Amino acid sequence: MLGWLKKRNETPVEERSYSGVYAFWSGVLFLTTIWAVWNEVETRRPWMVYLEEFLEMKSDLLHKQIADARQSIDNDAVNALAKQLSEVRAKLASADAQKMRAQIDALKRKVVDYTQQRGFEKSKVDAENYTYESSAREKDSKDATEARKERTDLEKKMDEYQAKADAVEAQIDSITAIMAPWSAEAKSLQAQIDSIRAPVLALEGKLDFTKNAPVEIKQVILEGYDRSNWGMTKSRIDRCQTCHMGWSDSTFSGTDFETMLLREYSAAGKYVERTYGAKIAEPVLEVLASAEFGEQRDYTGDLENALGDKKGDAGMLLAKLTTDREKVMGMKKVFGVHPDLPLLKQHNPEKFGCTSCHAGQGMALSSVEQAHGFEEHWDSPLLTSHYVEGSCTVCHGQRMDFAPYAKYASMGRKLYIDFGCWGCHDNINIPDFKVMKQGPSLRSVTAKLTPQWMYTWIKFPKAVSHTTRMPMFYLSDDEVDAVVTYLAQAADSSTYKPLAATVPAGDPVKGKYNVEHLGCLGCHATKEYPATSRLKEGNSFGPYLSNLNTKLSKPWLFDWLRNPKHYNPKTRMPNLRLTDAEAADIAAFILQDHGEGVPAQDHQFKDLHSKEIADQGFKIISTYGCYGCHEIKGFENASKASVQHTDFGKKLVQQLFWGTVPEDTLTKIRRYFADSVGLPLGKAVNAHHDEDWFTWTILKLKSPRIYQTDAIVQRMPSFMMSDTEAYALSVYLRSMRKDYIAPRWSEPVTAVQNDLDSGRFFVHWNNCIGCHKVENTGGWVQDRIKAVEGVADAQYLSPPIITHEGRKVQEPWLYSFLRAPSPIRPWLKIRMPTFGFTDSMYTVAQNYFLAMSGVTYETRSYADFQPDPENLAGGNILFTKFQCIKCHQMGKVTDPASLAPDLRLAAGRLKPEFIPEWLRDPNALAPGTRMPSFFPEGQSPAPDILGGDAARQMRALRDVVWTLGKRKPA
Amino acid sequence: MERLSNFLEIVTQPDNIPIVLLLVLTIFYAILAWKKARRNDAAGSPAEAAQSDRVQVWPYLVRVEFIAALIVMVILTVWSFSLNGPLEEAANPTLTPNPSKAPWYFLGLQEMLVYFDPWIAGVVLPTLIIVGLIAIPYIDINPKGNGYYTFKERKFAILTYGFGFLVLWVLLIQIGTFLRGPGWNFFMPGEYWDPHKVVPLTNRDLSELFGIPTKLVDLSINPVATIFGAVVCLAYLSIPVIYWRMKRGTPILQQLGFYRYFTTAYLFVLMTALPIKMILRWTLNVKYILVTPFFNI
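Protein chains in written order, with the numbering used here: chain A, 338 to 1307; chain B, 832 to 1128.
Be aware that a few hints might be false.
[To be verified] With beta-carbon atoms standing in for the labels, derived distance ranges:
hint, chain 1, residue 1, chain 2, residue 2, range
1, A, S1083, B, A922, 20 to 28 Å
2, B, A922, A, V980, 23 to 31 Å
3, B, L914, A, K1075, 36 to 44 Å
4, A, I574, B, P949, 51 to 59 Å
[What the hints assert, rightly or not] Covered by chain A, per the in silico footprint, the following chain B stretches (three or more residues, Cβ under 8 Å):
hint, segment
5, 892-905
6, 918-928
What the hints contain is simulated information worked out from the structure, not anything from laboratory work. Bear in mind the structure is a predicted one, so any value in this text is a computation, not a measurement. Glycine is no exception: its CB is placed at the ideal position from the N, C-alpha and C atoms.
For reference, chain B alone in the conformation it holds in the complex (with noise of 0.2 Å):
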């Protein structure tokens, strides 16, 4: 009971039902859209395709519309009203509110904090998001899927954006909403935020769990740690340079060609990088791949 009470308590705060809406729709969509092009490609030929034929604006798009904004003009004038804006105490520079969160739509890039430098997870890695997302259209050669739902046909694309957004875009912001509490530690669903709560810190580097010190005895960082973190880094990337020499010959790569080819594979390995990067925190609390005298990874 006190656990469901503290779950609704955070569930229910005024500044957090965009987000709880965001879970909802997102979920519902994405439900949506799979039946439709599980049901598309089961049947060969998309349901689309017998729909026919276009109407003209006016009257008949601008009368939905009309009655659209009255159902939107509704729910906002509720809303405004009936939730109080979430005011807390007057802004003291010597007291600052715990846990101190983003606004919503970056609790995503907040949370990557925790498993990057900020250089990285508040500069490198949205810049290439940004970039990434610019990119798509150059780099996507194939011409199905459009104006119907379809998965068989482009599984490539529709998993890695359901990846990129759903899991490490949407399910990030949802962990730093209901998830992070005081300190920005982990609180389970219903756990009490304690602002007193202590967990260990006991992350080392991964160079030191193949018995490589980071830091020598006078504390300046350790140049083969340096050099170990920057050939595992090297090896990752190198990942798409073995694939692109093992398969290049296949129509796909041979299609994409090979600008296209290294934009897209280094753009996925990137993105890849941030959950390898939780995994290995969560399972052998890496704190650092590489470390370097200038910059951390």
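Pulled out of the complex, with its shape left as it was, chain A reads as follows (with noise of 0.2 Å):
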């Protein structure tokens, strides 16, 4: 080569050949035209290979779909219809016919040509017509009447022409008579052939769809969705559906697809197919498919069935199974149908993309991991598994829950609320923590507690109570020294003092009995029964009784049981109405020995009088925030301890610090939380170092200190989380963002969204749903009562529920009733018990009623509400009839087993129009009501009163029961 330069270098200019050079470049620069075209069409469009392989699954199916529905329908009968259609068809071809088709072919030619002819006297007419105007116009009387009279003789050709046509036309329906039965009936023969025949049409048809496909991208523009960062209106381009074809495809679910799956990605699947014959293959593939895709059981034996005589086969397959089975499910996600496709009814990606939802580089079709958006620069990543449900709240606002969807996110936002995550962080929609405060006042704690049980508490809460939702601090010993310190100065300003001088001795056994009947289980745990939930809901919703007997003086708590707000105004702890009898024997019960109690430990404090510690106890008070969850004196203006949470969601991985945490850990951690326990969390967005917006989360929750370094103190407490705790709390905060959505794709707020949601709150925070089933949820004292009465359906026994309370009772007497309950049935054990709610606390649970059942308020004196007395004798009938007096007994209780309300009281308390309603259907409005239904179906079974009017017949037993209320109740 070099030689050759050499030698060519001295060869003058003039003599050199250079078309060896130019050929070379000549066909290097051809080649490179080529690979840029291949480039451009094939390398830059992999999801031209997605939507091939769609089309040709799709053709697949649909072909083994067609032979299905061929060999399903009626094939006799279409062949015996099939034949009749060919002897009419042979009718149709036959000589006579084709010579009457001839002659009808001829006279239609006579009358195109009669049509012309007669066209053209007509223009001549308009021309003749417009001689005639003008003439006229100009005073030409000589040649208007010229005109004039050649106009009217060409009218008369062309009616001539046009009655000539007229004829032939007649002659043609004359011909086409004769034929026109048989067309009709193969007209009809091809119909019934084709009704037959439908399923399989309808396939075809779509086969002919799928042959036909263009190849494009497809997708969905939301025009002005977004904000771009620089605050302009910006659309947002979804290109999803480009790959993801079969989302709503039914062809794309079920076991052909699964089997197909199988087949084509996975080595067992081709082994199957490959080795056995056909009529082995498909039941070993169907039972593969569901030991994949279906619920999680052994399928040897099935397999060892299906195999027939190579069962020893079974356990190689399913060996082989597992080995794609990242592939296999991928190709279903990639082609299948979307898992939950009433939800996409109300989100039709047609109209609201994928994007909204998932997130992801929804335009990006370069790669999986662009369109994914597992990339550096993508700030949305896709979000996997739950985390999804993160994204309900950019255009539905921030929600107490989304039922029967974002079960997580739900669940993240009561462990949120439960706690108390909003008392050092400030967030959108939740109460306000100098307002509301998720633990207990410690205004007037030396009154309850002791120093040393407080210092023991403090120092690691689980250890004195395993259910509590108290953190643990990490604290040391003397900093715990200097908080009781301060607690128990600031407490001493406290004025409260219990009321009894004595305390009557009680009687534990009495206090068990009252414990476990009047109502105490449907908020608190004891060692008997034991709490459900983590949440603060349910019988885990106030302190756990069975250990307190170390903790609580029998002073203290006597008067507390009698009156929780004379200690603390601001409890949600409810006055049971509790005589000093019972309330002496709960207490004895509770401060029993139950085994549980943990002994406050033997610390001597420095000084408990000391300013000094005092004030150190205030500064570590003020760094940790202790007085978000409690009310302390000296902490009124304090404001939240820690960062905000409102955007929290948004924020990207360089705005977290990740400490010294090193990178393999959080390798191991991430697979961890990806693999062990089921929770899939999002690519690393910056891959140097495995670092994601999820792993950071979910790590910090389960261990809050984790990023703390010598330069970076961290404060956030311990909460003990379960990895499902913290898996939903993180599904929730990642919700939180303030993206801006345009108006019109966004949900707008609405009075009756906002008054569902701070019902839900409501009955929430004072865990109303402790003990009444409300919207589907709670009512959870059920079980204990089953449990202590030894019966198997409790419904009877338990808080009505109160779903439909809204549409049932009157608004003056619900406000009279959570002010002071009154028994409504008496058999019950367990007391309604008198709250103490405020008159906006009031309104609340008000408006939420109303608006769960769907009425408005309306301002209406239920008093004046007159009964119809012409339907008082039909009423008074049909009431001896169903018997109502023999379970709405009226004074006397016998037998709790088969009773219902004092019928007296429904004038005063019900909604008149809520009775017919009721009757008409007791058991939708109250599932597993003992009132029977009376009117089946809206039907009468009484006919022959009021004219078998059952809509009347309801109304005449309101009015009946109306009257009754206008007695007093004796």
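Make the complex out of the two chains shown on their own, each in a separate frame, by following the hints.
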């Protein structure tokens, strides 16, 4: 080469030939051009591979479906009809028929001819008419008269041609009439055949459509959906459906699809397909498909059955099945139907796209990673698994829950409320911590607890009470000492003192009975009835009752039980209207040694009266934000101790501090959450260090001080969360985003929605749902009642379902009832407590009930409602016939098992329009009620009364009940 | 291994390809020129003198140019589709990229910003570069070295230009591209560009090294420090004058004459001020030499 160059250099320029060099580089440029085209249409369009694969799979599946459909239709009928059809067609094709058709053709030609000639005459007419009109205007009467005459002649000619054409048309009709029945018959036969073959035809149509499907990018444009970083309105473009084509296609679900996935993408499926004949392969593949996609169970037996004499292969096949699992599942995710089509009915991807919920880089098509946003420069990676629930709030706003969807996000939100996260972190839609506190007030704490016990508790709360939500702050001995010193001194100024000087002795046996029957178990757990959840709801709402003997003094407990608001006016513990004896009994029972009380450590305080130590305590309390959950004197105007969470879900990896956590530890932790616990996390955005938002958050929740370094002090306490709790909370935290979404794309905030939301918070905050069922949740006390009473069905012994309270009870009644409950169901042992709600809290409850029932508040006088006197006679007959009085006993209580509320209360309590509604279908309003349905499907059982009009009969019964109420209860 | 992958990650960035090419090509052509110059200098007469003569533009030059055009087209085509545009996040005014780098051809200027205030590094020095380049034909009175390679006959011109271009321009671009990471911190080749890297900021003014505080107690500028800085600067700027006084009798200076000499000398002195400041920064952590209430140097 070099030699050649050297020699060439010695040749004079004029004598050198460049044709070889030119040919070579021209060739290279040509190839480069081809390469460029190839790069453009193939290399840069990986989505086409998916499209082709999709269409191929779809036509294969359709072919199979068509074959199946052909099997299932009535082929004999089709054949018979086809035979008839061919006879008719033969008639239509006979020589006579052909002759007739030839005649018709000839005649039709004539018609065309005549029509054309008529047309010519018509245009001449128009021309003459023009001459006439223009001449007449110019007063040239001679020309006008001539033209007029000419026109009239031509019009006659026109009519002649019309008559000729009509005559020929008539001829045609007469010939057609002879053949018409045959054609009609052929048509009807074809229609019959088609109707039998309809399923096949539909599939064939689909197949045709599939074969001719265009190769194109499918995109959804969400006009003006987003805002850019510069505040400009911006459309969002989603091209997800270019690859995910089967999301709504029923062809891509079910056994056929699943076996096909195995056949195409798994070693096991390929092996089966290759090795066994079609007869064995089909059933074997089906079993394998259910082993892969069905419920988790052992399929070896089924597989052996399907394999027949080859059953020795079962183990090998199942082992092979696991090797390609990821790929097969992946392909199912690419092509398969979306797992929740009903949800998509409300969120049509054709309109809303996919990224509005799932995030990811919607417009990217160049690779799977890019499209899913798993790359360094895309800030919102695909939300895998339950993290997608973090997107609901983007359009719908922060809500208490999105039942029945977004379970983890709702659970996370409840945890956020119940763990008191909002006490230290600012967050929209969570109540102000200055008004409400998650923990008890510490204003008079020394009247309740000894400093030693407080010391023991703060040091490590879980050691004292295993179910507590009070977190551990990793405080040193001296720090706890200082905190308790401050709290003790702050409580010194309190004027609280237990009211009763002496406490009756009390009988623990009776106390146990009262605890189990009066409703304590609605909110509290005991050794016998342990807590069922870590959320602050049901019986884990209040403190655990079986370890209090080392904590509380009897005078305080007695005072507390009789009137909790005396010690703490803001407490959520309601007043159960206990008598002194009842309170003393319960106190005696609670203060018994249940074997779980942890004795207070014998800590020697440095000096409980030292101002200096108290000042240190003050600083520690300010630093750690104890006042976020507890009312503490001196912190009335403190602001929240930690950072805002309002936009936490949008934080970027670069904005999170990772401390000194080594890379390999992070990798291990990510893998742990992704694999072992089954909580898939997003891929790392910062691939360099395996860092992503999800890992950071979940790790922070599990181990709050993990990112602490010498320079960066962290103060978050440990809540000892389980993996699931941390996961749910991280899902909720992901939902905290102040994304701007254009109003037309987001759901407007309605008053009803606000009422529902505040109400849901209210029933959770006050644990109404511990005893009552609302909106298909709660009422857990029933489980305890079942256990205590030893019955299988405890609905009639439990507090009522209150979902429909809004349409059911009169607003004034509800108000007075909540202020001072009076028994409706005298057979219930459990008591509706007096909560002492303020008027604004009452309003929240009232609005919630109304919103749940879809009714609006009306100012009305219920006392003025007048029963229709014409209904009363018939109503009374029905009242007797239905034996209402048998259960609705008025005054005397006998057998609790068959009792119903006193009907005399109805007129003062129920809304008049509710009773007919209730009578129509009691079970719909209160599932499990013992009230029988007298009007099954709205039909009257007594056609002879009041004209058999069911609606009127129901109104009549209401009128009778209403008159009962007019009498004073005995 | 990790160092290598860190290094390769930066070197193979699509937008760094031209800078790698720049490095390779400048070195290649500098060596080539150097070799040819050495050969000519050793031989006593330039080899180019032996090569003769002219050929017709058409077709002998045009055909070669046409083939060159073909080759360039091949390279550009392959380049354009085999390297993707280096897109990053959507621009966000509240979240700017780190490091924020100028276009590669300005990275030398950006590097100067480390050592000088913007008005010097961004305005005065670039203007001087342009003015100096314009002035070359007028101050270069050496007729030798036209049409052939030589070093011996043009030592000053070649050394000055080599230093000004290869070191102060090309090298600074390379440093700005490959060794300056997040926060414009200096990273060794292969070191991971950690955005959280912290380097101590311990620069002091030159006067402070001599025990003269730059700022008074009320944080106003100490006039003594200003005078000190001014003296140092004037001393530096008086070097051409002293040299003139010492050597004005020599034939070279005679030929140059007063005006050409001082234009050349001050362009040269100002160019050399840049590496001097850089060395002072690296060795003594000098922040400013001259501090005044209006500007700092």
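A quick look at each hint next to the structure:
no., hint, verdict
1, A:S1083 <-> B:A922: 20 to 28 Å, "holds (25 Å)"
2, B:A922 <-> A:V980: 23 to 31 Å, "holds (26 Å)"
3, B:L914 <-> A:K1075: 36 to 44 Å, "holds (38 Å)"
4, A:I574 <-> B:P949: 51 to 59 Å, "violated (41 Å)"
5, 892-905, "holds (count 8)"
6, 918-928, "holds (count 9)"
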